[in-house]
Amino acid sequence: MNKKFKQLEKRVKKLEEKIGSNIWVNFDEVSIGKELYRLNKRCDELDKDVNGWRDGLNDTDKAVIKKAFAAFLDKFLKM
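Going by my numbering, the letters in the sequence shown line up with residues 391 to 469, in that order.
Bear in mind the hints are in silico, worked out from the structure with no lab data behind them. Just so you know, not all the hints are guaranteed correct.
Unchecked claim - The calculated lysine-lysine pairs, modelled on PhoX-like cross-linking and capped at a C-alpha distance of 20 Å, are: (1) Lys457 / Lys403; (2) Lys400 / Lys457; (3) Lys404 / Lys456; (4) Lys456 / Lys431.
The structure displayed is predicted, hence computed values, not measured ones.
Using the sequences and the hints, build the whole thing.
If you want it as structure tokens, here you go:
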């Protein structure tokens with residue numbers, strides 16, 4: 391497996407641990423927001439990539455990242 395994908399996978403798992411099972415809470419840390427932004431952006435890049443990365447991130451990981459990022463933005467915009 392690609393080394394970059396392994397690193398991304400670790401970051402996704404770490405992010406899930408930070409956020410917990412309920413991704414609609416615990417968005418106080420700016421670092422989580424930044425990480426979500428980076429991961430969300432990376433998801434888009436992976437979807438566009440044609441060098442074998444397209445299927446690198448499974449749909450569950452993508453869904454967690456997208457949902458968490460949307461929730462973070464929603465909460466941030468309501469501040």
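Now the hints, each set against the structure:
1. The suggested pairing of Lys457 with Lys403 holds, with an alpha-carbon distance near 15 Å, which does not exceed 20 Å.
2. Between Lys400 and Lys457 the alpha-carbon distance is near 18 Å, which keeps this suggested pair within the 20 Å criterion.
3. For the proposed pair Lys404 and Lys456, the alpha carbon gap of about 16 Å is at most 20 Å, so the pair holds.
4. For the proposed pair Lys456 and Lys431, the alpha carbon gap of about 10 Å is at most 20 Å, so the pair holds.
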